[in-house]
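Chemist: Could you put together the complete structure from these sequences and hints?
Chain residues, written in single-letter form:
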Amino acid sequence: MKRNQVIVALVGIIFVLFPLVVKSDYYQHLVILALMWVVIGGSWNLLAGYTGQVSFGHAVFFGTGAYTAGILANKLAISAWWGMAFGGFIAALVGLFIGWVCFRLRGPYFALATIAAGEIFRLIATNWESLTEGMLGIMILQTFRSKLPYYYVALALAASSIWVFDLVMKSKWGFYFVSIREDQDAAESLGINATLYKNISLLISSFFTGMAGAFYMNYMAFIDPEVVFSLHYISIMAILVGIIGGVATIWGPAVGAFIMIGVQETFRSALFGLAPSWVSQSHVLVFGLLVIFVILFMANGVVGDWPKIKRLFLRSR
Amino acid sequence: MLEVQNMDVFYGDLQVLWDISFEVEQGEIVALVGANGSGKSTTLKTLSGLLRPANGSIRFLDQRLDQIPANKIIEHGIAHVPEGRRLFPEMTVRENLIMGSLTPQAKQKRNETMEWIFGLFPRLREREKQMAGTLSGGEQQMLAVGRGLMALPKMIMFDEPSLGLAPILVAEIFKIIKRINQEGVTVLVTEQNTKQTLEISTRGYVLENGRVVLKGTGQELLNNEHVKEAYLGI
Numbered sequence: 001m002k003r004n005q006v007i008v009a010l011v012g013i014i015f016v017l018f019p020l021v022v023k024s025d026y027y028q029h030l031v032i033l034a035l036m037w038v039v040i041g042g043s044w045n046l047l048a049g050y051t052g053q054v055s056f057g058h059a060v061f062f063g064t065g066a067y068t069a070g071i072l073a074n075k076l077a078i079s080a081w082w083g084m085a086f087g088g089f090i091a092a093l094v095g096l097f098i099g100w101v102c103f104r105l106r107g108p109y110f111a112l113a114t115i116a117a118g119e120i121f122r123l124i125a126t127n128w129e130s131l132t133e134g135m136l137g138i139m140i141l142q143t144f145r146s147k148l149p150y151y152y153v154a155l156a157l158a159a160s161s162i163w164v165f166d167l168v169m170k171s172k173w174g175f176y177f178v179s180i181r182e183d184q185d186a187a188e189s190l191g192i193n194a195t196l197y198k199n200i201s202l203l204i205s206s207f208f209t210g211m212a213g214a215f216y217m218n219y220m221a222f223i224d225p226e227v228v229f230s231l232h233y234i235s236i237m238a239i240l241v242g243i244i245g246g247v248a249t250i251w252g253p254a255v256g257a258f259i260m261i262g263v264q265e266t267f268r269s270a271l272f273g274l275a276p277s278w279v280s281q282s283h284v285l286v287f288g289l290l291v292i293f294v295i296l297f298m299a300n301g302v303v304g305d306w307p308k309i310k311r312l313f314l315r316s317r
Numbered sequence: 001m002l003e004v005q006n007m008d009v010f011y012g013d014l015q016v017l018w019d020i021s022f023e024v025e026q027g028e029i030v031a032l033v034g035a036n037g038s039g040k041s042t043t044l045k046t047l048s049g050l051l052r053p054a055n056g057s058i059r060f061l062d063q064r065l066d067q068i069p070a071n072k073i074i075e076h077g078i079a080h081v082p083e084g085r086r087l088f089p090e091m092t093v094r095e096n097l098i099m100g101s102l103t104p105q106a107k108q109k110r111n112e113t114m115e116w117i118f119g120l121f122p123r124l125r126e127r128e129k130q131m132a133g134t135l136s137g138g139e140q141q142m143l144a145v146g147r148g149l150m151a152l153p154k155m156i157m158f159d160e161p162s163l164g165l166a167p168i169l170v171a172e173i174f175k176i177i178k179r180i181n182q183e184g185v186t187v188l189v190t191e192q193n194t195k196q197t198l199e200i201s202t203r204g205y206v207l208e209n210g211r212v213v214l215k216g217t218g219q220e221l222l223n224n225e226h227v228k229e230a231y232l233g234i
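Protein chains in written order, with the numbering used here: chain A, 1 to 317; chain B, 1 to 234.
Rather than coming from a laboratory, the hints here were simulated on the basis of the structure.
We put the CB at the ideal spot given by N, CA and C, even for glycine.
Any given hint could turn out to be false.
What the hints assert, rightly or not - Derived PhoX-like pairs (lysine-lysine); straight-line CA-CA distance at most 20 Å: (1) K170(A) <-> K129(B); (2) K72(B) <-> K172(A); (3) K172(A) <-> K215(B); (4) K172(A) <-> K178(B); (5) K195(B) <-> K172(A); (6) K170(A) <-> K107(B).
Claimed, not checked - Computed beta-carbon distance windows for the label pairs: (7) P89(B) <-> V291(A): 21 to 29 Å; (8) G184(B) <-> K170(A): 32 to 40 Å; (9) L10(A) <-> G137(B): 40 to 48 Å; (10) F293(A) <-> A230(B): 50 to 58 Å; (11) G137(B) <-> G107(A): 22 to 30 Å; (12) L123(A) <-> V213(B): 55 to 63 Å; (13) Q5(A) <-> M131(B): 20 to 28 Å; (14) N111(B) <-> A9(A): 31 to 39 Å; (15) G107(A) <-> N6(B): 49 to 57 Å; (16) L123(A) <-> P89(B): 40 to 48 Å.
Modeler: Spelled out as structure tokens, the structure:
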């Protein structure tokens with residue numbers, strides 16, 4: 001216990017000092033993106049990993065958060081930073097609506113509905129041009145020219161999300177979530193209102209994902225429907241981050257986010273320019289291979305199977 | 001205490017229970033016996049609110065149960081130890097027990113009840129911090145029973161408690177049921193293990209194809225020619 005706290009504190013200090021040591025905009029940018037994915041992966045994990053309700057549509061909440069911030073800035077001339085607060089709430093409202101409709105059913109209905117919701121929202125954002133500017137997307141002015149403020153906002157968001165998920169999972173809600181995942185009938189016969197707690201889990205999950213979306217709007221200063229409501233850039237990526245890092249572990253999605261951003265960037269930049277350019281087209285393929293590898297050899301993800309990985313390295317030495 | 005009247009239950013369009021009526025009095029052990037597919041588990045599932053009767057009524061201590069959601073049943077004092085145990089495998093023994101005591105009354109006495117259960121099943125105390133999924137079959141059944149008792153129920157329902165257990169453990173489980181009953185908890189039990197169940201039961205009902213075909217005291221049923229022929233193999 002003590003040792004873990006020391007490790008967490010050390011990791012925290014490293015992250016706080018990182019941008020002061022590494023001045024490169026490029027590396028700071030990558031870490032900012034990874035921190036954003038820590039939030040999204042953790043949110044997905046709370047709902048899918050702990051509560052057992054797999055979502056294929058976290059882009060809905062991400063995009064809703066991003067568009068909330070964008071529309072506030074674009075139409076009402078309110079700083080997009082307000083979107084960080086409102087984006088989470090609006091995304092949570094959308095989540096509640098989906099949950100209210102789907103969670104009374106069991107089985108794959110929620111998963112299917114989230115895929116559909118993602119597409120519906122992408123089409124709405126594409127076609128409701130008077131509100132969303134359609135395919136043109138929304139462009140705002142960045143507040144800061146330096147990456148530093150964005151870095152610390154992302155870090156704070158990531159840290160607070162992990163803190164909240166940890167707190168929730170140690171509370172009675174956490175036990176209810178896990179019991180619903182493991183056996184919904186048994187949970188109900190013990191007096192747990194499964195529909196209610198599935199909705200609570202979704203609410204927290206969509207809130208943080210919406211915040212991450214609003215952050216993305218502020219940071220990138222440009223969004224369009226194809227990016228923020230994208231099935232494979234957002235929804236599938238959220239799942240990959242969770243699975244690679246370790247489903248139903250607090251630190252899994254955090255580790256998964258850094259691995260995924262690392263792999264994505266390595267291949268997208270064609271091994272940092274050392275490989276022929278066609279390699280840059282292959283990062284999706286590499287994700288696929290990575291998932292196959294993880295499912296075959298580390299079904300619990302990097303964090304979940306850490307003892308196994310450690311043993312492997314100790315033996316080979 | 002529990003009164004089921006003329007209950008019909010369907011799975012979709014398929015009727016599986018026909019006009020089921022029975023009652024359980026305070027302090028009794030009542031057995032529902034019958035073969036596979038005779039409707040025993042369906043009956044218990046309906047009592048615990050996971051299924052709804054199309055016709056008929058369920059009354060427990062003069063309150064209608066057939067219209068309230070599954071997660072409210074336990075507040076009326078009925079605990080269900082489901083078939084196949086249905087524990088939470090990735091929670092510890094202790095956490096599983098805590099999950100059994102979520103109603104306000106049960107929560108208040110949580111620690112006392114847990115001590116009582118550890119007294120009934122000393123094995124569970126030894127395994128307190130172990131994941132439920134790593135327990136042996138017999139230990140899992142003890143935990144399932146313990147989790148049901150954590151709610152401090154007035155009546156506890158056991159669905160096939162001897163399922164998948166070695167003969168020596170089966171005898172143990174029936175002893176435990178008897179002991180729980182002596183501690184003042186009314187018991188409703190379904191079983192295929194007809195002989196041993198009827199031996200400990202105050203009264204019993206025989207179900208066949210979703211209908212009650214026989215009823216009587218445990219002894220009467222054990223001596224009944226039809227029961228002997230169909231279930232006891234004599």
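Chemist: Evaluate each hint against the coordinates.
Modeler: Quick rundown of the hints versus the structure:
1. Between the alpha carbons of K170(A) and K129(B) the distance comes to roughly 16 Å, so the proposed pair stays at or under 20 Å and holds.
2. Taken as a hint, the K72(B) and K172(A) pair is honoured in the structure, with Cα atoms around 18 Å apart against an allowance of 20 Å.
3. A threshold of 20 Å between alpha carbons decides the hint, and for K172(A) with K215(B) the separation of about 44 Å lies outside it, so the pair is violated.
4. Between the alpha carbons of K172(A) and K178(B) the distance comes to roughly 33 Å, so the proposed pair goes past 20 Å and is violated.
5. Annotation: proposed proximity of K195(B) to K172(A) is violated, straight-line Cα distance about 42 Å (limit 20 Å).
6. Note on K170(A) and K107(B): the hinted pairing holds, with a Cα-Cα distance of about 18 Å set against a maximum of 20 Å.
7. At about 25 Å, the CB distance of P89(B) to V291(A) agrees with the hint of 21 to 29 Å.
8. As the Cβ distance of G184(B) to K170(A) is approximately 36 Å, the hint placing it in 32 to 40 Å holds.
9. A beta carbon spacing of about 45 Å between L10(A) and G137(B) agrees with the range 40 to 48 Å that was offered as a hint.
10. Against the hinted window of 50 to 58 Å, the Cβ-Cβ separation of F293(A) and A230(B) comes to about 56 Å, which satisfies the hint.
11. In this structure the hint that G137(B) and G107(A) lie 22 to 30 Å apart at CB holds, the actual value being about 28 Å.
12. Look at L123(A) against V213(B): about 59 Å separates their beta carbons, and that is inside 55 to 63 Å.
13. At roughly 24 Å, the beta carbons of Q5(A) and M131(B) sit within the given window of 20 to 28 Å.
14. Taken as a hint, the range 31 to 39 Å holds for the pair N111(B) and A9(A), whose Cβ atoms sit roughly 34 Å apart.
15. Roughly 32 Å separates the CB atoms of G107(A) and N6(B), a value that falls outside the hinted 49 to 57 Å.
16. Between L123(A) and P89(B) the CB atoms are about 42 Å apart, so this pair conforms to the stated range of 40 to 48 Å.
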